[in-house]
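S.K.: As a plain string of letters, each chain reads:
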Amino acid sequence: MKKNKKYYISQALLITFMAILCFLWMVPLVYMFLTSFRPNDDINLNGFVLFPKVITFDNYISLFKNTQSAPVGKWLLNSLIVSLSSSLLTVLISSLSAFAYARMRFKGNKLLFSFLLLTMMIPSVISLIPNFLTIKGMHLNETLLALILPFLGGVANIFLIRQFLYGVPKELDEAALIDGAGYGKLFFRIILPQMVPILMVVGINTFLAAWNDLLWPLIINQDAANRTMTSGLSVVQGIFDDEKGTLMAVTVVSAVPVLVVYLFVQKYLIRGISLTSGMKE
Amino acid sequence: MIVREISTNNINQSNKKKGLKAFTPYLFLLPHLIFFAIFVVYPFLYGIYISFTNFDLMNSPKFCFFDNYIKILTFGSKYSKDFFAGLLHTFIYTVTAVPLIVFVPLILAVLLYAIKNEKLRNFFQSILYATSILSVSTVVLIFTWLLDRDNGLFNNLFMVDINFKGNEILTWVAIISLTLWSGVGGNMIIFLSSISSIPKSQYEAASLDGANAVNRFFRLTLPSLRFPLTFSLITGVIGGFNVFGQPFLFGGKVGSYETVMMEVYEYAFGSSPMAGMASAMSVLLGLIILAASVVQFKLMKEK
Amino acid sequence: MSYKKIGLLALTLFVIPGCSFTSSAESSEVESEYIMNITNDDVADFVDSPVTIKFWNPITGPDAGNLQNLVKFWNDTYGDYIRIANDPLAENDHYTRIFTSFSDNSTADLTLIHSSRVPVFQRANRLRPMTSMLSKVGISSDQYLESIWNANVYGEDVYALAWDIIPTVFYYNRHLIPEGYTEEMIHSDDFTIEDMEEMMKLAYVHSPVLTKRTYGMSFNYAFTENPFISLLYQGGGKPVDESAPTVPTFNGPEGYAAAEALRSIPFTSNADGIKVTSESGSNHLNIFAQGRALFTIDGLWSTNSLVLNNDKVDTGVAFLPKVNDNATRCTYGDSHVFATFTNKNQSEHKDEAIGLVIKFLVDNSLEWYKGGKVAVRNADINNETYKALPWAFVSQKLDKVVLPQKLYTFSTICNTTGEYISKLCEGTLTDVQDALDKCASDAKDLAENL
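Heads up: the sequence lines are chains A, B and C, in that order. Using the numbering used here, the first residue of the first sequence is number 1, and each one after it goes up by one. Using the numbering used here, the first residue of the second sequence is number 1, and each one after it goes up by one. Using the numbering used here, the first residue of the third sequence is number 1, and each one after it goes up by one.
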């Protein structure tokens with residue numbers, strides 16, 4: 001196709017538009033960053049300044065000293081542990097279960113799975129108070145397990161993986177079983193590698209959901225040291241209400257590590273997410 | 001989503017140790033079923049039970065039949081006002097934010113796809129997605145400060161005096177903006193990848209037929225996005241009904257931003273707890289979500 | 001790797017180690033020495049079996065520093081034996097945490113709550129009497145103001161120990177007082193809301209200091225319940241009557257007068273072209289501290305951010321102006337109290353430590369009062385340092401400070417008023433009597449459920 005003048009102009013316009021949009025997209029982050037280096041008194045007394053005249057690291061220093069009410073390092077670690085383990089456990093448990101529903105013959109397969117599908121309709125909000133009491137009854141509150149276990153009973157991921165498995169040829173199973181492999185070997189050696197794309201989707205979604213969860217960690221883990229970054233930030237909003245510089249420093253600490261990790265894994269992450277589009281009804 | 005008919009396989013037949021083998025599937029199911037029973041089935045039943053009691057987290061619960069429901073549905077009572085105000089705000093959020101969270105990414109994906117330089121396209125894509133990995137608290141804190149009436153960038157840069165927390169509509173504009181800022185990325189990537197998977201030849205054929213860009217979009221692009229669109233619509237609606245973090249953290253004028261989830265939280269764990277009442281509210285919300293799901297399901301089946 | 005990536009990596013390397021090794025960094029900023037009446041003999045029991053006292057409190061505002069200083073001093077001295085784990089949360093989160101911890105009895109060892117909340121917890125049998133714990137460390141009723149000590153006595157037992165009184169007060173900026181007015185006038189028993197509005201008008205018209213983004217008053221729309229209750233008491237009303245605790249009484253004529261007076265502050269003034277801020281969304285303390293407002297109404301606990309050492313504002317503190325000429329000038333004041341909830345970790349060993357911690361904190365009340373509190377111990381009221389504080393005059397007029405009613409419905413009923421009064425002041429609601437009646441019906445609904 002010959003590229004004419006019109007083509008170049010429209011490309012230039014498009015690129016300019018996207019460039020402006022991306023610039024605006026970053027402005028909130030920049031403002032957060034700049035504010036985090038302003039002294040709190042300066043903010044309270046002088047109000048808005050775009051580029052800070054006085055730059056200080058005090059907000060960060062006082063933050064790192066404050067291990068009592070805002071141990072942000074601990075929060076970051078908690079969030080990471082919770083999100084990673086939720087993600088891995090969900091992938092393992094759901095794929096085991098989905099494999100059984102899709103490939104194994106047992107009494108009540110259809111019935112059980114229909115029941116599972118039915119419970120997908122139950123909104124999670126009804127379970128909030130009972131789950132709270134259950135976890136408290138198990139004495140798991142104020143532990144990270146409290147933030148992981150309640151989400152392992154989810155059904156949606158099993159459904160997704162099971163659907164995906166119908167696209168994996170059954171001949172694989174038969175060949176393996178005839179060779180004398182057990183179901184365990186079949187699952188881990190042969191089926192699991194085939195499921196990588198859908199497991200990435202499930203893993204990423206679970207990771208982000210756990211990372212983002214606010215309500216549950218807010219009520220179940222009340223000690224400062226046991227909060228996640230998300231629930232911790234929410235209480236910090238009240239604690240540092242008069243210290244906006246410190247508040248923005250906490251926000252920076254919550255955002256920068258994630259953004260840096262993103263910088264390195266974005267290729268895989270974006271590829272993983274775009275796999276969702278490959279899923280069929 | 002249509003559940004495909006299962007054609008049960010006959011792998012088991014080759015197996016001789018039937019007794020042990022019959023047990024194997026349940027081993028695969030067990031880990032999930034344990035958590036499923038404890039954290040999905042049991043709490044559902046127990047939650048409904050609590051809604052019929054006067055449980056308050058402090059004293060032991062007493063059964064009170066439909067008292068909580070009657071109180072919520074008695075027009076003019078505090079509970080009914082709170083519940084229906086919450087419902088209204090939840091609806092406002094769902095009907096405005098959900099379409100935006102689907103269509104803004106769609107437009108962005110189409111625009112990005114039109115950029116021929118792959119490096120630039122990927123660069124733009126990763127910047128627009130970057131904000132999606134920030135947690136909801138981070139995002140709300142950033143926007144609260146950005147839109148702060150006295151010291152925020154927005155008011156000072158544009159030399160205006162807009163109070164995003166002093167007016168119901170502005171509060172929701174702010175909440176929806178920050179939801180978009182942190183939410184368009186994921187859908188955009190999914191849509192973009194769907195569009196990219198449409199064979200180039202189809203586009204060229206359409207162009208030869210004389211179809212212009214708009215025509216091509218409706219004839220080719222949109223149909224190929226049927227699954228991702230319904231997927232993001234469904235997840236969007238469920239998320240919309242459960243919205244909690246954004247309004248809870250952003251705040252606003254009393255009575256102008258509370259959603260049902262916030263009322264449930266407030267009644268269950270707030271300054272004078274009434275877990276029974278909160279459970280009744282969540283059961284009612286559950287019924288509404290259920291109705292919405294059924295309607296969506298029906299609509300999709302028709303198509 | 002591009003430069004961009006290296007730069008960002010460097011940034012993370014700077015941020016992350018800071019987070020991970022925070023516990024090793026110890027602050028060294030405590031200047032003043034505190035009273036330590038506790039000797040090594042007292043803590044001898046804890047040398048072999050040290051304890052940690054979980055201390056929950058709602059102190060996150062401008063006064064948080066004062067408490068942190070005290071806790072740090074204690075931990076530096078006896079932290080190896082008895083460590084205070086100070087864990088503050090904003091007020092709402094604080095009470096949420098208390099309620100959610102009941103179901104498994106995991107409440108903190110020591111908790112600071114508001115006096116108005118004590119009846120609720122006492123009635124639900126969640127509070128432990130502190131009588132013996134206090135007498136063991138020599139804290140007794142004769143050291144305290146009678147009314148405040150008795151406020152937390154049920155039957156024979158003390159259920160909470162008051163640390164302070166925290167009245168709602170009226171702050172003024174001396175720089176902006178208009179000609180013809182003096183500080184004495186603001187403090188006089190006859191100073192009314194109308195006088196205050198008159199001052200705002202004059203200041204706005206005449207003062208060269210007041211410009212575009214300045215205000216007659218930086219009004220806190222999010223904090224209206226306490227001013228309303230204060231004005232209600234001024235006119236002789238009461239939020240609730242002891243004879244029928246679930247029926248609010250704030251919607252009578254006294255309540256009407258109080259709500260109407262509060263509402264008039266933004267309305268009359270705005271009609272005169274004087275801006276009254278802030279709506280929810282603006283930080284009223286910030287505006288006042290920047291010298292951009294003549295008045296503000298807030299709790300005494302906000303003193304630290306209002307009496308900042310800067311040349312932009314010279315803050316004075318007074319009682320709330322009275323609602324009308326016939327009223328008496330007085331103010332409502334809650335108080336912070338130490339309380340011990342029943343919990344699964346309680347033991348006599350721990351109680352002994354809690355007693356010592358309370359004794360230390362109470363002995364050093366002066367540091368606490370500096371953050372904007374009114375003294376409750378006889379010894380402190382006559383202390384010279386305390387007398388020099390700008391709000392020490394409150395201690396001379398304690399009969400004008402109304403304490404919370406000792407009723408389990410009191411805090412719930414008072415808390416409902418905030419929403420409606422705020423809406424009246426913002427103009428979302430316009431019919432005062434109707435709003436008060438609706439509010440009373442809400443309050444009744446909630447109170448009946450208690």
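Keep in mind the hints are simulated off the structure, nothing from the lab. By construction, the Cβ of each residue, glycine as well, lies at the ideal position given by its N, Cα and C atoms. One or more hints might be untrue.
Said to hold, decoys possible - Calculated cross-link-like contacts (lysine-lysine; reagent style DSS-like; alpha-carbon spacing at most 25 Å):
1. A:K6 <-> B:K81
2. C:K444 <-> A:K136
3. A:K5 <-> B:K200
Said to hold, decoys possible - Restraint-style ranges between C-beta atoms, simulated for each label pair:
4. C:E146 <-> B:G76: 53 to 61 Å
5. C:T39 <-> B:I48: 39 to 47 Å
6. A:A225 <-> C:S132: 29 to 37 Å
7. B:V295 <-> A:L13: 17 to 25 Å
S.K.: Against each hint, give a clear statement of whether it holds in the structure.
M.R.: These are the hints, each one checked on the structure:
no.	hint	in the structure
1	A:K6 <-> B:K81	violated (59 Å)
2	C:K444 <-> A:K136	violated (32 Å)
3	A:K5 <-> B:K200	holds (22 Å)
4	C:E146 <-> B:G76: 53 to 61 Å	violated (44 Å)
5	C:T39 <-> B:I48: 39 to 47 Å	violated (59 Å)
6	A:A225 <-> C:S132: 29 to 37 Å	holds (32 Å)
7	B:V295 <-> A:L13: 17 to 25 Å	violated (41 Å)
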